[in-house]
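Engineer: This is what each chain is made of:
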Amino acid sequence: MGEVSSTAPTGSFEGRSYLELTGESTSPARLARSVWASRGLLAILARKEFQVRYRRASFGLLWAVGLPLVQALVMALVFSKVAHIHGAPHYVVFVLSGLVGWTFFSTAISSGSTAVVDNSELSSRIYFPRALLALVSVASNLYGFVVTLVIVIVLCPILNVGLGASIWLVIPASLLMVGLATTFSLVASALQVYFRDIRYIVSAAVIVWFYVTPIIYPSSAVPGKLRLAVQLNPVTEVVALFHAATVGGSITGLPLVSSLVWLAVLAVLAVYLQCRYDRVFADLL
Amino acid sequence: MLKPGTAIAMSKVGKRYTKYDDTPMLLTSALHFRPRTRRGRLWALRGVDLEVYEGESFGVIGRNGSGKSTALGLMAGITAPTEGSVAVRGRVAPLIQVGVGFHKELTGRENIYVNGTILGLSRREIDRKLDDIIAFAEIDDFLDTPVKFYSSGMYVRLGFAVAIHVEPDILLIDEVLAVGDYAFQMKCHERMGLVRQSGTTVVVVSHNLGVIRKMCERVLLLDKGSPKFLGAPADAIAKFHETMEQSEEPDVDMTTGKPLERGVLAIQSLEVIGPDGQGTGHLEAGSDARITVVARVLKPMDDLVVGIAIFSQNGTCVYTDSSLGKPLGPVLAGELFRCTVALKATLPTGSYTVVSSIWRPDMKARLAESRHVTFFVNGRSTVGGVSDLGGSFSLDPCSEPSGPADPEAL
Ligand SMILES: Nc1ncnc2c1ncn2[C@@H]1O[C@H](COP(=O)(O)OP(=O)(O)OP(=O)(O)O)[C@@H](O)[C@H]1O
Ligand SMILES: [Mg+2]
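Going down the list, the sequences are from chains X and D. Just so we're aligned, residue 1 is where the first sequence starts under this note's numbering, counting upward by one. Just so we're aligned, residue 1 is where the second sequence starts under this note's numbering, counting upward by one.
Just to be clear, a hint being listed does not mean it is correct.
Computed footprint of chain X on chain D; a stretch qualifies when at least three of its residues, placed anywhere within it, have a C-beta under 8 Å from a C-beta of chain X [to be verified]: (1) 87 to 96; (2) 102 to 111; (3) 115 to 124; (4) 189 to 200.
The set of hints was computed from the structure by calculation and includes no laboratory data. Heads up, the beta-carbon is just placed ideally off N, CA and C, and yes, glycines get one too.
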C-alpha cells in the first residue's frame with residue numbers, strides 16, 4: 001500500500017506525499033509510477049550529462065558527432081583501400097550507417113552499466129528511482145546519435161546513394177536499438193553495484209561484439225559455421241536495418257526473432273533487478 | 001497506515017547490512033579462483049518502534065556506529081528496512097553525512113535545480129527561490145563552479161540552503177551543522193528556529209548534546225542498534241552518559257611529556273556526585289557538586305598530589321586544579337583512599353569531560369590517570385561562552401552624572 005516516491009503525485013495521502021516501506025523490494029507498478037513521476041528529473045539530468053561530457057571541449061556537439069564520423073570514414077578507407085574488402089556496394093555509406101547505430105549502442109551500454117555506481121555521490125544521499133540513472137545515460141547519448149544520423153542521411157546523396165522509402169527503416173532500427181541499450185544498461189548497472197568488475201567485462205565484450213556484428217562486413221561474408229553465432233547476436237538485426245535503410249539489403253528472419261527475444265529477456269531481467277534492489281543499492285555505494 | 005498527526009512511524013524496524021571485506025567480483029566468484037567473497041552481516045538497527053509527531057523536533061543520539069545515520073536513511077527512503085515497516089508522510093529533505101545529494105560535475109546553480117527537482121519542486125518554484133538560496137549560502141563567487149571544487153564548508157552551506165528553502169514537511173539533519181564556520185553555524189541555528197516555528201518536523205542527529213538539548217522536544221538514545229531510551233532530552237542525555245561510562249576503557253597513558261610510573265597506584269573510580277549525594281551525569285547550573293576519586297595504593301608513599309581537569313565538548317579545557325601545596329599525608333600499600341573535590345557547576349549548557357590524575361608530590365612523575373567521565377550541565381538559558389560567572393543584570397533609572405559635564409557637549 002502507499003506510494004514510494006516523494007515526487008509521485010499519485011502517492012499523496014490527504015494531499016501530502018506518502019511513503020511506506022515494508023521490505024527491500026518494490027512492486028513493478030510502484031517503481032514504474034515513481035519513474036514516470038521523475039521524468040522531469042530525467043530530462044534535466046540527461047541534458048546536464050551531455051553538457052558535462054563535452055563542457056570543457058570547445059566545440060561541444062562537434063565532438064559527439066565528429067568522432068563517430070571520422071572513425072567511420074577511416075574504417076571505410078582502411079578496409080576498402082588498404083585491406084581490399086569489397087563485400088558491399090557503396091562501402092563508405094555501408095560502414096557509416098552501420099557504425100552510427102553501433103557507436104550509440106556501445107557508448108550507451110558502456111556508460112549505462114556504471115550509471116548507478118558513478119553517481120553514488122548523488123544517490124547515497126537522496127532517493128529517486130535508481131533506474132533513472134541508466135535511462136539518463138542512454139538518453140544523453142541519444143542527442144549525439146540523432147544528429148549523426150541526420151548527417152549520414154544528408155551525406156548519402158552526396159556519396160551517390162539514392163534514398164528510397166526504405167529510409168524509414170531507421171525508425172524501427174533506432175527503436176529496437178534504444179530498447180536493447182536501455183534494458184542492457186538497466187541490467188548491467190544493477191549488477192555493477194554487486195560485482196564491481198562488470199564494467200571491465202562490458203568493455204571487453206564491446207570490443208569482441210564489434211567484430212561479431214556485421215558492421216564493416218556484410219553478413220553474407222560470414223562463413224557457414226560462424227553464421228549462427230552472428231545471427232543470434234541481438235545487434236545484428238539492428239545494424240542490418242540501418243544498412244537496409246541506406247544501401248539496401250534484405251531483412252532476414254532469424255536475426256529479427258533473436259533481437260526480439262533478447263529484448264524480452266533483458267526487459268524481464270531489468271524489471272526484476274531494479275524492483276528487487278532499487279531501495280538497497282545505496283547500502284553498497 | 002499513519003495515525004493523524006504523525007509524520008514518521010517506525011514499527012519493529014530492523015536493518016541488516018552485509019559487510020564485504022573485499023570488493024565482490026563476478027569473475028572471481030563465478031570461476032572460484034578464491035573461496036567466495038568473505039562477508040559478514042550485522043544488524044545496524046533492530047527493534048525500533050517510534051512515532052515522530054508532526055511539527056515536532058526529534059533528536060537521535062548514541063555512540064559512533066550506534067545506527068543513527070541508518071535510522072535517518074530509512075526515514076529518507078534512501079534505504080529500505082530488512083524487517084518491520086517505515087511510514088513517512090510529507091516531503092522529506094535529507095541532509096545526510098555532510099551534504100545533500102549533489103552531482104560532483106555540475107555547478108552549484110545546476111545542483112540547486114537537480115536537488116530541487118528531486119525534492120519535488122517545479123522549475124518555476126526553483127526559479128523563484130533561487131535568489132534566496134544563493135543569498136543564504138553566500139557562495140556567489142562559486143555559484144557557477146562545479147561543486148567538486150567546493151570546500152567542505154561551502155558544500156554544507158549550499159546543501160543546508162537548498163534543504164531549508166524547499167520548504168519540506170520533514171527535515172532530516174545528520175551532523176551537518178558542525179562543518180560550517182562559527183558565523184554560519186549561528187545563522188543555521190537561527191534559521192532552524194524559524195523552520196521549527198513554521199511547523200516543519202525536524203529530526204536531528206548530533207554528537208553536540210548542547211544542541212540536542214536546546215532544540216529537541218524528545219530524544220531517542222540508540223546503543224549498538226537498539227533503542228535504549230526515548231523521552232525528554234535531559235533524561236536521554238543522562239542515560240547516554242551512563243551507557244558511555246560502562247563501555248569506556250580506562251585510559252592508561254596520555255602523553256604529557258612526563259613519565260607515567262606504573263605499579264604504584266591504581267585509580268578505581270572517578271565519579272561526579274550531585275547535590276543530593278548521588279552519582280549523576282547531570283548537573284543543574286550553579287549546583288554544588290563533588291568529584292570523587294578512589295584509588296588503591298600498591299606501594300607506600302609519603303604524600304601525593306591529585307589533579308583534575310574538565311574539558312568542554314569541543315576540547316577546550318575549562319578548569320584544571322590540584323591538591324598541590326595541601327599535603328594529603330602518607331598512604332600505606334593495599335590501602336584504598338578517596339579524594340573529594342567540592343565545586344560549583346558554574347558552567348554553561350553542554351557536555352563536559354572530567355579526568356583525574358595522581359602525581360608524586362614533586363610533580364615529577366605521574367602515577368595514574370583515571371578514565372574520562374562525561375557529564376551534562378543544564379546551564380542557565382541566557383549564558384554562553386566557556387564559564388558562567390553568575391552575572392546578574394539590573395536596569396535602573398539614574399540622574400545626570402554629577403560633577404562637571406562633558407566639555408565636548410558644551
Ligand atoms: N552501507 C553500509 N554497509 C555495511 N555496513 C554499514 C553500512 N552503513 C552503516 N553500516 C554499519 O552499521 C552500523 C551503524 O552505522 P551508522 O552509520 O548508522 O552509525 P552512526 O550512529 O551514524 O555513527 P556515527 O556517530 O559514527 O555517525 C555501523 O556498525 C556501520 O559499520
Ligand atoms: Mg552517522
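Engineer: Now, for every hint given, state plainly whether the structure supports it.
Structural biologist: Hint check:
{"no.": "1", "hint": "87 to 96", "result": "holds (count 8)"}
{"no.": "2", "hint": "102 to 111", "result": "holds (count 6)"}
{"no.": "3", "hint": "115 to 124", "result": "holds (count 7)"}
{"no.": "4", "hint": "189 to 200", "result": "violated (count 0)"}
Checked against the numbered hints given earlier, the structure breaks only hint 4 and satisfies all the rest.
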